[in-house]
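A.B. asks: So the protein lines, in turn, are chains S and V.
FYI, the numbering for the first sequence is 1 to 165, going by this note's numbering.
FYI, the numbering for the second sequence is 1 to 451, going by this note's numbering.
Read the hints as simulated data drawn from the structure, not as lab findings.
Because the structure is a prediction, the values reported are computed rather than measured.
Treat the hints loosely; a few may be bogus.
Stretches of chain V that chain S covers, calculated by requiring three or more beta carbons in the stretch to come under 8 angstroms of a beta carbon on chain S [to be verified]:
| no. | segment |
| --- | --- |
| 1 | 213 to 227 |
| 2 | 319 to 333 |
| 3 | 392 to 398 |
Every residue gets a Cβ at the ideal spot worked out from N, C-alpha and C, and that includes glycine.
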Amino acid sequence: MLSEICSFRSTRLACLIVAALSVGACARNPAEQNAAMANASAATPGSQQDFVVNVGDRIWFQVDSSELTQQAIETLEKQAQWLRSYPQYAFTIEGHADERGTREYNIALGARRAQAMRDYLASRGIQTNRMRTISYGKERPVAVCNDISCWSQNRRAVTVLNASS
Amino acid sequence: MSERQLSPSPSLSRRRLLTLGAAAGALAGLWPRDAVAQLKLDVTQGTIRPIPIALPDFLTAPGVPDPAMGRNITQIITANLRRSGLFAPIDQATYVERIADVNRPPRFADWRQINADAVVTGRLERQGNGNLQAQFRLWDVVAGQQIAGQQSSTTPDNYRRLAHIISDQIYHRLTGETGYFDTRIVFIDESGARNQRTKRLALMDQDGANVRYLTRGDDLVLTPRFSPSSQEITYMSYGQGHPRVFLLNIETGQREVVGNFPGMSFAPRFSNDGQRIIMSLQQGGNSNIFVMDLRSRATMKLTDTAAIDTSPSYSPDGARISFESDRGGRQQIYVMAGNGGQANRISFGEGSYSTPVWSPRGDYIAFTKQAQGRFSIGIMRPDGSGERILTDGFHNEGPTWAPNGRVLMFFRDPGGNSGPQLFTVDITGRNEQRIATPAFGSDPAWSPLLR
């Protein structure tokens with residue numbers, strides 16, 4: 001499990017950049033990271049970019065688990081605070097699984113992860129009528145390779161703000 | 001609508017041919033005892049001597065639109081038989097006799113000379129209504145007599161089916177098992193990069209020919225399954241952000257939602273009478289198993305646990321249901337009665353077990369097994385005994401049974417930027433074969449025999 005936590009830490013920034021730039025592959029290029037940092041400071045408070053870059057739109061899970069890790073709870077606390085400040089946003093929680101499971105089970109596992117995130121945000125005062133959940137199972141990986149560095153990025157739940165709420 | 005309307009299968013007529021040959025008066029299908037002992041195969045055994053069989057080109061009568069069609073039919077039959085692993089088609093270059101008349105017995109001595117145990121002769125002609133008619137005869141070279149003969153006809157665009165029907169006859173006569181060549185596969189066609197893959201419902205013949213697409217790729221579609229009794233499939237589609245189970249008639253293109261559930265429905269499969277669809281329904285963080293009767297539209301909840309219960313599959317008689325659940329921690333296979341109730345775990349090996357699929361013969365349940373970072377396809381008896389791994393590797397998933405219950409298809413994914421491909425394997429674990437698809441392919445589901 002230690003290796004997963006390490007890869008989790010080392011790839012977290014990369015994942016944020018991936019989301020911000022809408023690029024699907026593993027982004028480990030320092031130049032891309034710098035570009036994203038520049039974007040971060042420029043993000044308008046209350047904008048979608050602000051949410052993705054400064055709050056963090058996603059949390060990660062351990063293998064075959066929907067339990068919220070300490071890091072996930074920290075991210076969700078920040079998300080809840082931001083979402084309370086900007087109540088105009090409705091959003092979709094996407095649950096995802098890594099590729100190391102069967103298709104049907106992973107659809108259910110992604111749903112369970114999305115539900116765990118939803119339940120936590122609801123417990124922090126976010127109205128449930130602002131949220132909907134969807135599971136993509138293992139069908140929408142963000143990182144593509146055959147090792148744990150990618151699988152750990154794909155085991156995720158992502159808060160996607162609706163465009164114009 | 002993203003579905004494309006498909007033309008209905010043209011009607012197909014079949015007629016048994018009179019027996020010809022040395023053993024005059026013997027009925028087609030009756031074997032001399034010696035020949036049975038020598039030729040008939042037990043396909044459940046691990047070691048098999050494939051039957052040496054000769055397949056000279058079918059004669060093509062004048063009037064057939066393409067003079068190569070007879071030869072094409074022979075090539076399709078030859079490929080089917082070879083792919084089954086139970087036949088060893090003999091190189092045409094070695095043939096001594098040149099068949100000129102399919103209504104006369106071949107010169108058996110000429111075929112014994114090249115060590116053929118059986119020879120297939122046939123002829124293709126055009127009927128008055130424009131249809132193609134194929135007649136064939138299967139000859140026992142050792143006994144010197146005909147063992148099968150039939151003629152079938154269909155429209156020219158459907159001529160490959162003639163070859164599949166003849167292949168089924170040959171397979172049946174020489175192995176004793178029902179054939180599986182006149183069947184189709186529905187699967188997920190996958191194209192594009194791994195992280196933005198387009199997935200479409202696709203349909204093809206069991207040999208990979210005649211690929212047709214049933215959706216355009218706008219919506220994410222997964223896990224199609226054939227009805228055992230009609231030209232319908234059930235599958236999961238994400239539609240406009242509401243993933244759920246659909247029913248699609250592949251001849252009319254008509255599509256409808258299965259059930260009116262508030263949450264996500266997934267993992268559908270037909271009962272063997274085709275009258276019910278069993279599936280999972282997400283309820284909060286849990287998934288439970290439901291069944292819907294397609295006539296009454298009534299739904300019934302069959303499991304009620306704080307777990308993921310999914311991949312349900314009926315036994316052929318509908319009396320039992322196998323499914324996977326993580327109620328005990330990891331995914332394992334359970335069996336319960338057809339109307340729910342107490343479920344008994346049947347998988348106890350190392351690792352976890354998923355995607356149980358009941359054989360149409362009822363004797364085995366196929367599954368995907370995960371252990372030590374590898375994904376295998378295996379079978380076990382419905383009581384959990386007799387586990388046998390048929391193929392093992394980085395990622396094998398999603399078995400589906402040929403209608404004769406003796407061959408499985410599944411998909412294999414090497415991971416990374418590559419993608420899944422379809423394979424078949426015998427229930428003995430022998431004879432693994434790749435089924436080529438135009439792009440990547442996953443989630444195969446075998447149709448019943450066409451009619």
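A.B. asks: If a hint holds in the structure, say so; if it doesn't, say that too.
C.D. replies: Going down the list of hints, with the structure as the test:
1. For a cut-off of 8 angstroms, the count of residues in the segment 213 to 227 of chain V with a CB near a CB of chain S stands at 3, and the three-residue condition holds.
2. Beta-carbon proximity to chain S at under 8 angstroms applies to 4 residues in the segment 319 to 333 of chain V; the threshold of 3 is reached and the given coverage holds.
3. Check on the segment 392 to 398 of chain V: 4 of its residues sit with their Cβ under 8 angstroms from a Cβ of chain S, so the three-residue criterion for coverage holds.
This entry satisfies every hint, going by the numbered hints stated previously.
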